[in-house]
Amino acid sequence: MKLVLAEKPSVAMSLAKVIGANQRGDGYMEGNGYLVSWCVGHLVELSQPEAYDEKYAKWRYDDLPILPEHWQYQVSASTKKQFGILKKLMQRKDVESLICATDAGREGELIFRLVYHQCGCKKSVERLWISSMEDSAIREGFQKLRPGTEYDALYEAALCRERADWIVGINATRLFSCLYGQTLNVGRVMTPTLAMVVMRDAAIRAFKPEPFYSAELKFRDFQAGGERMKEKAEAEKLVAECCQAGSAIITKVEQKEKSEKPPALFDLTSLQREANRQLGFTAQQTLDYTQALYEKKLVTYPRTDSRYLTDDMAPLVPELVSVIQQSFQIQPDAPAPVNAAQVVNSKKVTDHHAIIPTKTAAGYDIFSLPSGEQAILTMLAVRLICAVGTPCRYAETIVEAECASQKFCTKGKTVTDMGWRRYAGKAAEDAEKNAEAGDLPELSEGMTLELAGVDLKEGKTSPPKRFTEDLLLSAMESASSDEFPAGVERKGIGTPATRAAIIEKLVQKGFIERRGDKKTKYLCSTDKGNALVTVVPEQIQSPSMTADWEEKLLKIEHGEYDSDAFMGEISNMVSGLVKTYEAVKGADVLMQPERKTIGSCPACGSDVCETAKGWFCRDKSCKFALWKENRFFQTLGKQMTEELARQLLNQGKARLTHCYSKKSGRYYDTTVHVETGEDGAAAFKLEFGGKK
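Residues in the sequence shown are numbered consecutively from 25, following the working numbering.
Since the hints were made in silico from the structure, they are not lab data. Any given hint could be a false lead.
[Stated by the list, open to error] When the alpha-carbon atoms are kept at most 25 angstroms apart in a straight line, the in silico SDA-like pairs for lysine to any residue are as follows: (1) Lys82 - Ala101; (2) Lys545 - Gly534; (3) Lys261 - Gln279; (4) Lys677 - Glu653; (5) Lys146 - Val119; (6) Lys543 - Ile228; (7) Lys383 - Gln355; (8) Lys435 - Met471; (9) Lys637 - Val119; (10) Lys285 - Lys437; (11) Lys489 - Gln302; (12) Lys372 - Glu69; (13) Lys529 - Lys620; (14) Lys79 - Lys603; (15) Lys543 - Thr558; (16) Lys276 - Glu397; (17) Lys543 - Ala525; (18) Lys321 - Val347; (19) Lys146 - Glu69; (20) Lys285 - Glu69; (21) Lys489 - Met223; (22) Lys652 - His697; (23) Lys82 - Gln206; (24) Lys321 - Phe352; (25) Lys552 - Ala338; (26) Lys32 - Gln315; (27) Lys147 - Tyr97; (28) Lys637 - Thr659.
[Claimed, not checked] Okay, the calculated beta carbon distance ranges per label pair: (29) Phe391 - Arg48: 24 to 34 angstroms; (30) Lys242 - Lys542: 35 to 45 angstroms; (31) Asn554 - Glu234: 46 to 56 angstroms.
Yeah, the Cβ is synthetic: ideal placement off N, Cα and C, and Gly gets one too.
Produce the complete structure using the sequences and hints provided.
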């Protein structure tokens, strides 16, 4: 009997169906010599610092850095039942070996290995590595199982990533939170990403637009523009001189045949970027939709950083293109040419090939899908057809004219062969419109043309563009790419599988926010995000360092870098940070602690907010306060709590039970009223109930 362990129930069911495990058990399927179960994501996770020492339960600067010598793991509280099921299945005497069928990537490997080790299992492991959930791909995958030991380096890289994130996150978050008096979440990838948004917003705020001017010659059938000028008077003078001249001489007519190559297939990041541009989807939405399509067997594995197919897939491409074109009605009357060599290159495929529709998608009723999944599947289908197409060819004409001793230029563009753009939907329409708008009349050098007019054009220089998710994903992908050798494929911070989650986490933590309309949303830094980047040192917010770490993780994955050396670098960096970092002077102005409002001040009506020592009026000139260490309530044997403070503020009174009288030694119930003196300070009165 073999135990197959998948990452999700839906994936497990698909695997079970193909291999004949059709008998349902509690948390697993069984049949045909197989048991099939699932992990439900991360069943096992790194323990919190207090698991190593109880003193870490309280955040203290003096306890830093926290660097575990022996890492501890715990079973996630929400998935204990499923973990128990897996442990029993692994311990079954009839289970001879296991098949790791979690997602074929770094995180999938980690999920399986942590459960395997936490269960204390020693049985042999084989690895299922597939890029499609189609039945045929699953059957082939089970026929080509690999020894689990071949993926030990992948597991090492996953462990290093997880532990590095823990060390940086735990220590940096506690360090800055202790120094600045409020929770400041810091992350190995999250903070450099935030820094990019903060820096871009700062550049936009600092930008000062500069006006520029130019003269534009108007002929009967086209226009030609002159060079930009900083001074308006200079441009006005040129306009007057051109008007006086009344004509221009064509000094240059140059025609070039040009072509535009078909776009590459999608990897996850390029798909997320395109979906954000065209549809306004967030990176996380695109990943969720694509993952759902993958589990429905309609597309191949989504978390890939490759934009090519493997060499052995070349013979399959023509038939796939044909059925997808007809099924999705992509110019069905014009059969798409298929140049498979353009999309095939095994040397550029890492763990998984590019994302493409499967043959199953061709026979699927796509209108039964949710609208988001429909849109992504259609985008993938169109891209497949375009990627194997012929170049879009066009003739470009460059014309130069001289008037009043100054040079004026214009360009024309005529599409001669739409090529791949014929199948590109909206892109094809745009190309045709641009081609129509760019036509120029027949011109030759030496011709003299009468002017129909001369216009003064005014403009202003533009600030840097705000980040959309498209632009931020691009920045994350290429961060510090100029610092890596030309042959290095993976650069930047984060991975295709994690970048969407990083952006969502920044939004959820309140460091950035989305602004704009439904179609175009910009990612803008908040005051909280700006404040964090202000105080975090360069080594934590540097995309360069984080990109370097990502590159080393990839080398560990390929067995080219020592994992202990990597973890040593992380630990040394954090230790140095704790020893040398000093709080930024004046940062208290930026780092106003987050204060939760619990009611209105009875003295002045302002908000009453919680601080470390109690609940105080936001108006600093007001004396009203409810201290947590309140002597009046301590004499009653009571503690001032948030709920008690809320009742006093919202109702002016609160019922207290089981109060203790030191004088009589008895317990009693009473109602306490809050009033304010002339200076606004709180005063309390008791309305006695019956003594017991």
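Verification of the hints:
1. Restraint check: the Cα-Cα separation between Lys82 and Ala101 comes to about 22 angstroms, which is no more than 25 angstroms; the hinted pair holds.
2. Pair hint Lys545 plus Gly534 holds up; C-alpha atoms about 16 angstroms apart against a cutoff of 25 angstroms.
3. Taken as a hint, the Lys261 and Gln279 pair is broken in the structure, with Cα atoms around 32 angstroms apart against an allowance of 25 angstroms.
4. Simply put, Lys677 and Glu653 have alpha-carbon atoms about 19 angstroms apart, close enough for the 25 angstroms limit, and the pair holds.
5. For the suggested pair Lys146 and Val119, the alpha carbons sit about 12 angstroms apart, so the restraint of at most 25 angstroms is met.
6. A hinted pair counts as satisfied when its Cα atoms are at most 25 angstroms apart, and Lys543 with Ile228 qualifies at roughly 22 angstroms.
7. With a C-alpha separation of about 18 angstroms, the suggested pair Lys383 and Gln355 falls inside the 25 angstroms cut-off, and the hint holds.
8. Using a Cα cut-off of 25 angstroms, the hinted pair Lys435 and Met471 holds, with the two alpha carbons roughly 17 angstroms apart.
9. Between Lys637 and Val119 the CA atoms are separated by roughly 58 angstroms; this puts the pair beyond 25 angstroms, and the hint is violated.
10. Between the alpha carbons of Lys285 and Lys437 the distance comes to roughly 16 angstroms, so the proposed pair stays at or under 25 angstroms and holds.
11. Between Lys489 and Gln302, the direct Cα distance comes to roughly 17 angstroms. Compliance with the 25 angstroms bound is thereby established for this hinted pair.
12. Taking the CA atoms of Lys372 and Glu69, the gap is near 33 angstroms; set against the 25 angstroms cutoff, the hint is violated.
13. Restraint check for Lys529 and Lys620: satisfied, since their Cα atoms lie roughly 21 angstroms apart, inside the 25 angstroms limit.
14. With a C-alpha separation of about 20 angstroms, the suggested pairing of Lys79 with Lys603 holds against the 25 angstroms cut-off.
15. Between Lys543 and Thr558, the direct Cα distance comes to roughly 31 angstroms. Violation of the 25 angstroms bound is thereby established for this hinted pair.
16. Restraint check for Lys276 and Glu397: not satisfied, since their Cα atoms lie roughly 51 angstroms apart, outside the 25 angstroms limit.
17. For the hint pairing Lys543 with Ala525, the CA-to-CA distance comes to about 21 angstroms; that is within 25 angstroms, so the pair holds.
18. At roughly 16 angstroms between alpha-carbon atoms, Lys321 and Val347 fall within 25 angstroms of each other, so this suggested pair holds.
19. For the proposed pair Lys146 and Glu69, the alpha carbon gap of about 20 angstroms is at most 25 angstroms, so the pair holds.
20. As the CA atoms of Lys285 and Glu69 are separated by approximately 46 angstroms, the hinted pair breaks the 25 angstroms bound.
21. A distance of roughly 12 angstroms separates the Cα atoms of Lys489 and Met223; the hinted pair therefore holds under the 25 angstroms criterion.
22. Only pairs whose Cα atoms come within 25 angstroms are accepted, and Lys652 paired with His697 is accepted, the gap being roughly 17 angstroms.
23. A distance of roughly 14 angstroms separates the Cα atoms of Lys82 and Gln206; the hinted pair therefore holds under the 25 angstroms criterion.
24. Pair hint Lys321 plus Phe352 holds up; C-alpha atoms about 16 angstroms apart against a cutoff of 25 angstroms.
25. Pair hint Lys552 plus Ala338 does not hold up; C-alpha atoms about 51 angstroms apart against a cutoff of 25 angstroms.
26. Proposed proximity of Lys32 and Gln315 is supported: the alpha carbons are some 12 angstroms apart, at most 25 angstroms.
27. For the given pair, Lys147 sits about 20 angstroms from Tyr97 by alpha-carbon distance, which is consistent with the 25 angstroms threshold.
28. Simply put, Lys637 and Thr659 have alpha-carbon atoms about 18 angstroms apart, close enough for the 25 angstroms limit, and the pair holds.
29. Separated by about 31 angstroms at the C-beta atoms, Phe391 and Arg48 satisfy the suggested range of 24 to 34 angstroms.
30. Between Lys242 and Lys542 the CB atoms are about 39 angstroms apart, so this pair conforms to the stated range of 35 to 45 angstroms.
31. Under the hint 46 to 56 angstroms, the C-beta atoms of Asn554 and Glu234, about 26 angstroms apart, miss the expected range.
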